[in-house]
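S.K.: Chains as they are written, first to last, in numbering that gives the first Met the number 0: chain A, 0 to 240; chain B, 0 to 237; chain C, 0 to 224.
No lab work stands behind these hints: they were computed from the structure.
Each residue gets a CB set at the ideal place from its N, CA and C atoms; glycine is no exception.
There's no promise every hint is true.
Stated by the list, open to error - What follows is a set of in silico ranges between Cβ atoms, one per label pair, in the way DEER data are often shown:
#, chain 1, residue 1, chain 2, residue 2, range
1, C, Gly134, A, Glu235, 18 to 24 Å
2, A, Ala41, B, Ala26, 26 to 32 Å
3, A, Ile183, C, Leu54, 18 to 24 Å
Said to hold, decoys possible - Mimicking DSSO-like on lysine-lysine, the simulated pairs with C-alpha atoms at most 27 Å apart in a straight line are:
#, chain 1, residue 1, chain 2, residue 2
4, B, Lys213, C, Lys161
5, C, Lys161, A, Lys66
6, A, Lys67, C, Lys68
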Amino acid sequence: MSPPASSEPAAPRTRPPGYVRTVLVVLAKDARTELRSKQTIAMMLLFGLVLTFVYAFGFVSDPATNKKVMPGAMWGALLFAGTLGVGRTFAREAEDGAFGALVLSPAERSAILLAKIAVNVALSTLVMLVVVPLLAIMLRVDLSGCADLIALQLFLGAIGFAAVGTPLAVMAVSARFAEVLLPIVVFPMVTPVLIAGVKGASVALGTAIETDPWPWLQFTAAYGLVFGAGGLFLFERMVTE
Amino acid sequence: MTGGAAGLTVRTRGLGRLYDDDYALVALDATFPAGTVTALLGPNGAGKSTLMGILSTLMRPSEGEVRYGDVSHDDPSARALVGYVGHRTMLYRPLSARENLRFFGKLYGVLDLDARIEHLLGEVGLARDADRPAGDFSRGMAQRLTIARALLPGPKLLLLDEPLTGLDRAGVAMAVRLFGAERDRGAVVVMASHDLAATGALADRALILRRGRKAYEGPVEGDLAVLYRETLGAEAAA
Amino acid sequence: MKAVFPIAIALGAVAVTAAHYLAFVHVPMESSMGAVQRIFYFHVPSAWLFYIGCLLCGGASLGYLINRKARWDAFAQAAAETGLIFGLIVVVTGPLWARPVWGVWWNWEPRLTTMSLVLLMFGAYWVVRAFGGSGPGVRRFAAVLAVFAVPAIYFVRVAVNKWGGVHPPAGTGDRSDAIIKATMYNCFFILLFVFALLLIIRYRTHRDALTVRAIRRRLARLGGI
Chain A
0 MSPPASSEPA
10 APRTRPPGYV
20 RTVLVVLAKD
30 ARTELRSKQT
40 IAMMLLFGLV
50 LTFVYAFGFV
60 SDPATNKKVM
70 PGAMWGALLF
80 AGTLGVGRTF
90 AREAEDGAFG
100 ALVLSPAERS
110 AILLAKIAVN
120 VALSTLVMLV
130 VVPLLAIMLR
140 VDLSGCADLI
150 ALQLFLGAIG
160 FAAVGTPLAV
170 MAVSARFAEV
180 LLPIVVFPMV
190 TPVLIAGVKG
200 ASVALGTAIE
210 TDPWPWLQFT
220 AAYGLVFGAG
230 GLFLFERMVT
240 E
Chain B
0 MTGGAAGLTV
10 RTRGLGRLYD
20 DDYALVALDA
30 TFPAGTVTAL
40 LGPNGAGKST
50 LMGILSTLMR
60 PSEGEVRYGD
70 VSHDDPSARA
80 LVGYVGHRTM
90 LYRPLSAREN
100 LRFFGKLYGV
110 LDLDARIEHL
120 LGEVGLARDA
130 DRPAGDFSRG
140 MAQRLTIARA
150 LLPGPKLLLL
160 DEPLTGLDRA
170 GVAMAVRLFG
180 AERDRGAVVV
190 MASHDLAATG
200 ALADRALILR
210 RGRKAYEGPV
220 EGDLAVLYRE
230 TLGAEAAA
Chain C
0 MKAVFPIAIA
10 LGAVAVTAAH
20 YLAFVHVPME
30 SSMGAVQRIF
40 YFHVPSAWLF
50 YIGCLLCGGA
60 SLGYLINRKA
70 RWDAFAQAAA
80 ETGLIFGLIV
90 VVTGPLWARP
100 VWGVWWNWEP
110 RLTTMSLVLL
120 MFGAYWVVRA
130 FGGSGPGVRR
140 FAAVLAVFAV
150 PAIYFVRVAV
160 NKWGGVHPPA
170 GTGDRSDAII
180 KATMYNCFFI
190 LLFVFALLLI
200 IRYRTHRDAL
210 TVRAIRRRLA
220 RLGGI
């Protein structure tokens with residue numbers, strides 16, 4: 000029998016990472032995984048493109064109507080593609096139970112959720128960067144005057160959506176029919192984001208009676224803040240049995 | 000040996016866990032001394048997985064307490080002390096073996112990480128496959144990587160739940176040697192496995208559970224399988 | 000204890016009959032809407048009870064996440080189910096009233112919209128409980144869902160109110176005299192009694208299911224089945 004001869008230290012010294020470092024490490028891991036497999040982003044993008052055509056065939060009409068349809072099409076795409084995204088990012092964690100190892104590590108558990116929310120926001124943002132201009136072209140809506148406002152709205156909406164969708168997607172993994180249950184569960188919960196987004200975009204595009212889009216933006220931000228904070232606070236309770 | 004800080008003793012006091020409306024584990028007092036391998040045995044449903052779950056901090060006890068040296072189970076720093084090999088490989092398939100280890104090493108804040116990783120890859124015999132994605136690995140190779148991941152931060156408590164799954168004869172020998180080395184450096188090792196021969200080769204002590212209660216706790220002298228049968232009688236078959 | 004329950008159920012039946020008497024005979028005809036207004040004596044208390052069920056479910060779910068006692072989860076499930084029954088009463092009686100008064104089955108009245116969205120949320124909760132399995136992971140999933148749903152009710156209400164813009168004239172009217180109000184409250188307390196009975200029955204069912212599962216596991220451990 001050969002002794003475990005080695006020059007390496009038998010017990011390495013460790014210093015568990017801080018909160019921000021944990022977020023960054025998990026983010027970097029997800030980015031690397033995604034860049035390698037391109038699974039989630041490819042599916043989301045393709046789904047977003049398909050949706051663009053569905054909306055185009057379903058709603059293309061005269062310019063005035065198109066302008067009214069645009070907000071709903073954008074926000075619908077965000078919700079549908081986003082649901083696909085949150086489901087996929089966790090399917091990978093669940094695949095071989097790696098999420099268990101993540102949670103067992105000394106890293107702050109809520110930092111893991113924060114990183115996961117950030118990943119989902121990033122994925123949704125990427126998809127919207129492609130889908131929204133494409134929708135604008137197909138529906139022949141000129142967004143140049145309010146692109147910054149609409150982008151900000153969608154970004155805040157993506158945060159709100161991910162704040163609710165991410166923890167629910169984590170939890171859904173252990174349920175049967177998780178892929179079907181997730182949208183059923185998430186959509187009613189995020190209708191406030193949808194309502195605020197569609198309304199805010201209509202205001203920005205000038206098709207609403209109101210003229211001030213900021214209350215809607217604030218509302219969306221508040222939604223993301225409340226559910227983000229609530230999720231981070233409860234996450235420890237969610238992942239332990 | 001450098002950095003091999005004195006091990007700590009893991010104790011459970013009055014540990015109980017409700018599942019549904021029934022106890023899966025009842026008032027368990029057990030001690031796992033540093034530098035020992037404890038074989039955790041019992042029929043299906045005896046509470047092994049529950050005890051493993053609680054010791055790993057993934058499950059909360061309904062009653063009682065676990066102490067890792069001076070650290071209580073609800074102290075987040077307890078997690079840094081535990082290494083865990085479970086039923087599943089807990090790996091990321093798109094990442095290579097080395098990347099998997101590097102990721103978990105960073106989460107544990109292992110210093111001198113690269114040297115540690117190379118060392119462990121050599122120990123588990125994956126040095127040549129270190130840059131292949133874990134998804135391409137056979138079950139046996141994945142299990143070797145899983146063991147390396149658990150050993151990475153030099154855990155004070157090493158929990159092994161069926162750690163020999165998928166390993167061939169050489170793999171089992173390697174695992175037994177590595178787990179023995181962990182004990183020798185002062186770690187507490189708790190091992191649950193159906194392979195009584197391999198477990199018996201390692202175990203100094205045994206904790207046998209029956210219906211959520213302790214049936215035996217003490218040293219293993221002689222054959223582990225005999226001890227198991229004598230303790231549980233007819234139930235040993237289950 | 001055994002004798003109390005049948006008596007309570009009989010009492011509930013009598014009380015519900017009394018509620019019908021109050022709503023359809025005792026209270027005078029509301030002048031602007033006529034007979035159809037009488038549906039309110041069931042519609043409005045049912046809506047309150049639905050929300051009470053949602054809050055109870057959310058509260059018990061939060062408790063379950065903290066203390067992990069399966070009975071809290073059983074109570075949460077029972078509260079959601081009982082609440083949903085009353086939610087169904089609301090969405091059935093609503094259009095029955097709306098059709099003659101507004102001339103349409105559905106309109107985007109804020110309270111109605113809010114109600115239907117919350118109903119969807121807890122409908123989703125029910126679907127998870129009914130089809131998602133019954134392991135501890137699913138229970139935590141459902142609990143998180145219910146805990147999230149409570150603040151979501153508030154956000155939905157705010158969003159829908161802002162979205163709807165101007166309220167259509169409220170149905171009950173402020174001219175309602177004392178007797179209309181009193182009848183409304185009486186009906187509420189009668190339905191509350193029924194709600195409590197259903198909740199207890201449902202809770203006991205779930206609790207007994209837990210016991211049965213525990214016994215099954217014990218038997219399995221003994222090698223029986």
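S.K.: Against the structure, test the hints numbered earlier, and report the numbers of the ones violated in rising order.
M.R.: 2, 4, 6
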